[in-house]
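*Asks:* Just so you know, the sequences run in chain order A and B.
First residue of the first sequence: 506, per the working numbering; consecutive thereafter.
First residue of the second sequence: 968, per the working numbering; consecutive thereafter.
Hints listed in this document are in silico derivations from the structure and should not be mistaken for laboratory results.
Just so it is clear, CB atoms sit at the ideal spot from N, CA and C, and this is done for glycine as well.
There's no promise every hint is true.
What the hints assert, rightly or not - Below 27 Å or equal to it, Euclidean Cα-Cα: the simulated DSS-like pairs (lysine-lysine) are:
{"#": "1", "chain 1": "B", "residue 1": "K1260", "chain 2": "A", "residue 2": "K572"}
{"#": "2", "chain 1": "A", "residue 1": "K572", "chain 2": "B", "residue 2": "K1023"}
{"#": "3", "chain 1": "B", "residue 1": "K1128", "chain 2": "A", "residue 2": "K659"}
{"#": "4", "chain 1": "B", "residue 1": "K1260", "chain 2": "B", "residue 2": "K1270"}
{"#": "5", "chain 1": "A", "residue 1": "K592", "chain 2": "B", "residue 2": "K1023"}
{"#": "6", "chain 1": "B", "residue 1": "K1269", "chain 2": "A", "residue 2": "K569"}
{"#": "7", "chain 1": "A", "residue 1": "K572", "chain 2": "B", "residue 2": "K1029"}
To be verified - Pair ranges (Cβ atoms, derived):
{"#": "8", "chain 1": "B", "residue 1": "H1317", "chain 2": "A", "residue 2": "L576", "range": "39 to 49 Å"}
{"#": "9", "chain 1": "B", "residue 1": "D1185", "chain 2": "A", "residue 2": "R724", "range": "27 to 37 Å"}
{"#": "10", "chain 1": "A", "residue 1": "L576", "chain 2": "B", "residue 2": "G1010", "range": "25 to 35 Å"}
{"#": "11", "chain 1": "B", "residue 1": "K1328", "chain 2": "A", "residue 2": "P666", "range": "53 to 63 Å"}
{"#": "12", "chain 1": "A", "residue 1": "R724", "chain 2": "B", "residue 2": "R993", "range": "42 to 52 Å"}
{"#": "13", "chain 1": "B", "residue 1": "P1276", "chain 2": "A", "residue 2": "G727", "range": "46 to 56 Å"}
{"#": "14", "chain 1": "B", "residue 1": "G1384", "chain 2": "A", "residue 2": "P558", "range": "53 to 63 Å"}
{"#": "15", "chain 1": "A", "residue 1": "A581", "chain 2": "B", "residue 2": "N989", "range": "22 to 32 Å"}
{"#": "16", "chain 1": "A", "residue 1": "K643", "chain 2": "B", "residue 2": "K1260", "range": "50 to 60 Å"}
Listed below, chain by chain, are the residues.
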Amino acid sequence: MKNKYLLIILLIVFGVSCSSLSNRDTPIEEKSILETDMEETTDLVGVYDPWEPFNRRMYYFNAKLDKYVLLPTVRAYQTVTPDPVEKGVHNFFKNLGEVKTFTNSVLQGEGKKSLITFNRFAINSTFGVFGIFDVATKVGLRRQKEDFGLTLAKYGVGNGPYLVLPVFGPSNLRDATGLGVDTVFRSYADPLEIADASQSDLEIMPLNGIDTRASLDFRYHGTGSPFEYEIVRYLYFKLRELEVGDGRDIKY
Amino acid sequence: MKKILILLLLVSSLCFALEDYNFPARDPYKATILGSSTMLTEGVSEKVPSRSYSIKVPPFTKPHKTLWYQDSFKFSLSKQKGEAPLIFVVAGTGTGYESWKMKAFERIFYDAGYHVILISSPFNSNFLVTASNVKVPGLLFNDSHDIYRVMKAAYKRVEDKIQVSDFYLTGYSMGGTQAAYVSLIDETEKFFHFKRVLMINPAVNLYDSAKILDNMLDDNIPGGRDQVGGFIENILQEIIKHFDGDVEISEETIYQIFKDDLLTQEEMAALIGLAFRLISIDINYLTDMLNQKGIYVDHEPKKFESMTPVWRRINGASFSEYIERIAFPHYRDIYPEFTFDDLVEMADLHEIESYLRSSKKIAMVTNEDELILTPENLEFLRETFEGRSIIYPLGGHCGNMYFETNVKNMLKFFEEGVLTDEK
Chain A
506 MKNKYLLIIL LIVFGVSCSS LSNRDTPIEE KSILETDMEE TTDLVGVYDP
556 WEPFNRRMYY FNAKLDKYVL LPTVRAYQTV TPDPVEKGVH NFFKNLGEVK
606 TFTNSVLQGE GKKSLITFNR FAINSTFGVF GIFDVATKVG LRRQKEDFGL
656 TLAKYGVGNG PYLVLPVFGP SNLRDATGLG VDTVFRSYAD PLEIADASQS
706 DLEIMPLNGI DTRASLDFRY HGTGSPFEYE IVRYLYFKLR ELEVGDGRDI
756 KY
Chain B
968 MKKILILLLL VSSLCFALED YNFPARDPYK ATILGSSTML TEGVSEKVPS
1018 RSYSIKVPPF TKPHKTLWYQ DSFKFSLSKQ KGEAPLIFVV AGTGTGYESW
1068 KMKAFERIFY DAGYHVILIS SPFNSNFLVT ASNVKVPGLL FNDSHDIYRV
1118 MKAAYKRVED KIQVSDFYLT GYSMGGTQAA YVSLIDETEK FFHFKRVLMI
1168 NPAVNLYDSA KILDNMLDDN IPGGRDQVGG FIENILQEII KHFDGDVEIS
1218 EETIYQIFKD DLLTQEEMAA LIGLAFRLIS IDINYLTDML NQKGIYVDHE
1268 PKKFESMTPV WRRINGASFS EYIERIAFPH YRDIYPEFTF DDLVEMADLH
1318 EIESYLRSSK KIAMVTNEDE LILTPENLEF LRETFEGRSI IYPLGGHCGN
1368 MYFETNVKNM LKFFEEGVLT DEK
């Protein structure tokens, strides 16, 4: 829930539109988030970033990739796909993502969260026709959010240096590791055996990526600020810190 | 006697009684924040067709390599199918054409049947880098000439795509102030022949207004600008304490939060100040770097160089500091005997007072509790636009622009040329 407020501040500060965020749950890996020393953050740019020269180049690379590859693809996808289909695809991938949330909730001993997520997955995979419809939310089971980065944090792993990943964007050493673990795990885990399609990851991964990008409102250099790198870095750390902070769910 | 009665009627119809105006926020700070994210009018489309354009406005120069993404001037057009009036909207200080506020105007005017062109503020980094002539904004005539130039360039870019019946112009905050100047420039250049111009919550003196906004941050955060990080932290923690459970972000949620009085007046003021300060920091940096003033930037930055040392040197510099450290010395070096008072005068609506008084096509709306106006500023607006203005009792700074009553009156003005409340 805290993200909401940060986003409000963002909204006020940058005049960023939240309308598209309001309708969709955004996967956390690609949104700006993270943790750092409370002491340090009174200075908005005081974030541990020893790899800054690399990170800045990667930020530049991502901005170009976004402009010339990802966004045009997303636009084409949105043009040819009717809105209900788009939403169905989105729900389908979000439903597959429940496996990750469930596993990590269990690893963290979050009983309530695991239960909600298990029920969501069960309901949406059956009544929701392989997750195409998000029936669970309609009956009051809200989507939870956990990943291996948060699990690591729960067991005391610090965030490590800031790291801008290719394609995925802002992260840190811990969360990047978490992302890797989650991705590897995903290709094995298929508890309800409904996700046959996901076995051929090579075929649907691109669609998953397009859907993920489509549901993010972020635009590289969208703020126009020469300090955007610093601001995004700060917000990543801050939002992630809040997620780690109380083990509660954060929604976009 | 009859005349007096008519006069009384006229005056009363121009003044809003507080009880007739049911704008939901009584506090000007709350209103300001609410209005920056909430459409308070029923039935406005969520999304309207709109396209962004990139143009090179002469005299275009290649941007510095660290600003590679500012490679062209950007604006947007929302077009109607057939012939329709075209309205230009000029953004408030530092705001870009894609901001929520600008898009809100686009939605309203598109729904009302206008072609809409959104123009970023001359203090916006895209405008400053790609289209500003002097690259030291702050003198109203200079900046408005820049705006007029980009408006012409923008219109020429889309001319063959739209059929225009008449041209209209509006702007809010500093954009409202500039709209009046742009209108005056148009009187001599005669390119658009604007039919009607509406100034929404304009600043009277840029320097006065900037100081007010600057102080909102410095005076309301304990420890001042050095403690901004801690301030953001505290606000988040405070709000977290008040709420439990998950709520999705939407306009309604934001509305609810401010309705529930979660933030103190100081905190709200500081937030508004913070939004303005982030713009000021960019302006301080960009004008310094682009003009090689050497105030904060001691060498030419490399493409992937860390900006952290510069950020620290700028140390949250305010808008007034920009005027004092960069803009004033810049103009003093160009014009001999240029004093600080000259600069302040050239950033003040009094400069074109006689035009404002005589030009019947210009109207103005503002609020009694407008944050960026001094009492003298408000008095000046009241007198100058007598009979062509509405001063709403509430709304703070631009907080009521999208409120039903305001929207109705605004559209009515552009349609009929009369600015009165709907009674």
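*Asks:* Check each numbered hint from earlier against the structure, then list the numbers of those it violates in ascending order.
*Replies:* 1, 3, 5, 12, 13, 15
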